[in-house]
Amino acid sequence: MQGSITLEPLPLAVKENYYARKLSPQLLADPGYRIWGVSVIQWTDGKYHAYYARWPEKRGFHGWLRYSEIAHAVSDHPEGPFVTTGTVIKNRHNDGWDVVNAHNPSVCVADGKIALYYISNNLSEAAKADGEAMPPSEKWLNRNGKLFRNSQCIGVTIADQPEGPFIRNQEPVVQPDNRLFKSIAVNPAVHYREGRYTMIMKGDDVRREGVFRIQLVGHSAQPNGPFVFQETPIYDQYQTEDACIWYDETNQQYNSIVHVFGPTLARLISSDGVNWREAEPFTFMTKEFVMEDGSIWKPSRVERPFVLTDETGKPKILYLAIWDAAHKLNANIAVPLTVREGR
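Counting from 1, position 36 in the sequence shown corresponds to residue 36 in my numbering; the numbering is continuous, with no gaps.
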């Protein structure tokens, strides 16, 4: 039973507040920062805790590669408004592998602890080889920009409470193995169920020349790995990124929404978290929003889907990162979902 999931129309105020850079329900903005992507949990305090990537606005849209950090925000409601409390993973460290940045968070709750996954550039060894102190200097970073793309790995940090403190793993959780995937290990989406952590992540396809982004699935008994990845990608027909994952107890089915390069976000399903197939329909949404007055809003980019569910795994809210190139604005929005069970 696949069921169908549709987006509810957006209030006009969401679009208005986006261009006004105003924090409001269904819109997470952070004055002075560019933000991208959010991952949300409901904690035992009944509140909703959001983790999102942010970096100084003056650094430009691509500043995340050097300056992104992970911030924490809290709300009484899943659609917000979310109030930022501070940074939980900063963008410069004196030790460990992730000495420069932290980006694209994915939060997972298991056994009373919070595992917060993220990506970073594994540059510490290269910088040390050049005699750099940690964190490396801006001058060194300027000289070594070519290292950034293909040094990205996945890390995890763990806490007992939503606001932290978070304890970072000193080594990456996932790195390119150059057997199943090459160059990068990024954009994790992690779900915990019955003693098993299931991770979907993006790597470059080893079977193709150059860059071709695919989705792979791996499993681990521990939050910090090791994750054992399946030999076959869950999807490799088109380039994809930004997967999210959840398990629907009613349908007994894993679900994933991925950003397909082009005009759509698509949905994949699995009964066991190992073998995946296209849902019917495969297209989950196009990169536009229906407003409550029937008009259509088309931001320049719509990416980083994350689905918040209820306690049974029924989808409630879809969070998305949006970008308007003309106005140089980005934010995260929350869209309520309507679910119709399959037959």
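There may be inaccurate statements among the hints.
To be verified - Derived DSSO-like pairs: lysine-lysine, alpha-carbon spacing no greater than 30 angstroms straight-line:
hint : residue 1 : residue 2
1    : Lys314    : Lys15
2    : Lys316    : Lys58
3    : Lys47     : Lys316
4    : Lys146    : Lys128
5    : Lys128    : Lys22
6    : Lys287    : Lys113
7    : Lys139    : Lys113
8    : Lys113    : Lys146
9    : Lys128    : Lys182
10   : Lys139    : Lys182
11   : Lys128    : Lys139
12   : Lys328    : Lys113
13   : Lys90     : Lys139
Please keep in mind that the hints were generated in silico from the structure rather than gathered at the bench.
**Message:** Need the list of violated hint numbers for this structure, in ascending order.
**Reply:** Those not satisfied are hints 2, 5, 6, 7, 8 and 12.
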